[in-house]
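Enquirer: Sequence:
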Amino acid sequence: MRSSVIILAIITGMIGCIVTPSVFAHDPGFEIKTSKDILKFCEFFHEEYLFVGEKTLVEQHPSFPNLRACVILYNHIAWKSIHPGRDIVLIAEIEKYLGNSIDIKERHIKKSETMPIWMKNDAKLWVKDEITDRLFVQGIRTMLKEQILKPSSINTNKNCHENEICIIKSDFIKYSYSDIYGKKITEKYTIESVINNEISVKTEKISRDGKELSNIIIDNQGTITTNKICCIMNKFIFSTPIKFGDMVTSDLKVIGET
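The numbering used here numbers the first residue of the sequence shown as 7 and each following residue consecutively.
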């Protein structure tokens with residue numbers, strides 16, 4: 007009798023493993039052309055949204071930018087309503103977000119010369135902290151993929167070598183942030199020269215206190231070669247691609263992106 011109970015427990019455990027999904031690998035299987043189609047699309051993914059959450063849902067389906075609109079609908083007061091006018095209200099919300107179009111085509115507007123309405127709305131929501139950085143960046147990636155954005159700074163003629171950083175003169179990175187006192191600071195790093203294993207980088211730091219200029223030297227591995235202290239780490243540039251979980255130094259691990 008005892009052995010039967012053990013066998014039953016094992017079988018039950020095996021069945022449980024089979025029916026418990028860890029990843030939703032599915033596709034809506036229908037074409038999306040109208041706001042009504044998007045509502046149907048969002049209803050299709052709602053169960054998965056409840057199971058994995060917003061972050062994982064977007065990560066698992068990067069080819070469906072409409073999911074950002076779905077997250078807004080899921081949090082709308084009308085989503086759980088059983089009123090006959092529920093669909094009308096939600097469709098109006100979709101068109102408010104995406105723009106009233108009879109042919110939305112999954113928000114992919116190839117080679118468009120204008121900024122899509124949905125991206126303008128994303129920007130407004132992002133500034134108000136109503137959507138996450140991850141969702142906003144996903145929109146930018148979609149526009150790059152569909153050639154809505156065509157960065158002119160990308161140089162395809164670089165002479166790159168394996169295991170070395172690939173940069174040329176005039177390459178730069180610029181970003182802004184606020185310190186703990188709320189003071190806005192803008193920093194810019196520009197490649198001034200690349201000579202053999204020596205790369206000269208001009209640094210600019212602008213704040214309400216004024217403008218600070220400096221210069222650092224790095225090698226073709228991205229490591230600062232002088233004793234000048236500018237950073238917490240002696241590694242200034244890291245080679246790509248870098249994935250989640252990678253250790254870029256012995257004590258520095260990639261845990262996310264913005």
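A portion of the hints provided could be inaccurate.
The calculated lysine-lysine pairs, modelled on DSBU-like cross-linking and capped at a C-alpha distance of 30 Å, are [what the hints assert, rightly or not]:
| # | residue 1 | residue 2 |
| --- | --- | --- |
| 1 | K175 | K208 |
| 2 | K46 | K61 |
| 3 | K211 | K189 |
| 4 | K180 | K42 |
| 5 | K151 | K194 |
| 6 | K180 | K61 |
| 7 | K126 | K39 |
| 8 | K249 | K175 |
| 9 | K208 | K134 |
| 10 | K151 | K134 |
| 11 | K86 | K39 |
| 12 | K151 | K249 |
| 13 | K189 | K217 |
| 14 | K259 | K211 |
| 15 | K130 | K194 |
| 16 | K130 | K175 |
| 17 | K175 | K190 |
| 18 | K61 | K42 |
| 19 | K190 | K208 |
| 20 | K259 | K194 |
| 21 | K194 | K180 |
| 22 | K102 | K86 |
| 23 | K190 | K126 |
| 24 | K46 | K175 |
| 25 | K208 | K194 |
| 26 | K130 | K208 |
| 27 | K102 | K151 |
| 28 | K180 | K249 |
| 29 | K180 | K151 |
| 30 | K86 | K180 |
| 31 | K175 | K151 |
| 32 | K180 | K102 |
| 33 | K130 | K61 |
| 34 | K130 | K190 |
| 35 | K61 | K175 |
Hints listed in this document are in silico derivations from the structure and should not be mistaken for laboratory results.
The structure displayed is predicted, hence computed values, not measured ones.
Enquirer: Of all the hints numbered above, which does this structure not satisfy? Sort the numbers upward.
Expert: As far as the earlier hints go, 4, 9, 16, 24, 26, 30, 32, 35 are violated by this structure, in ascending order.
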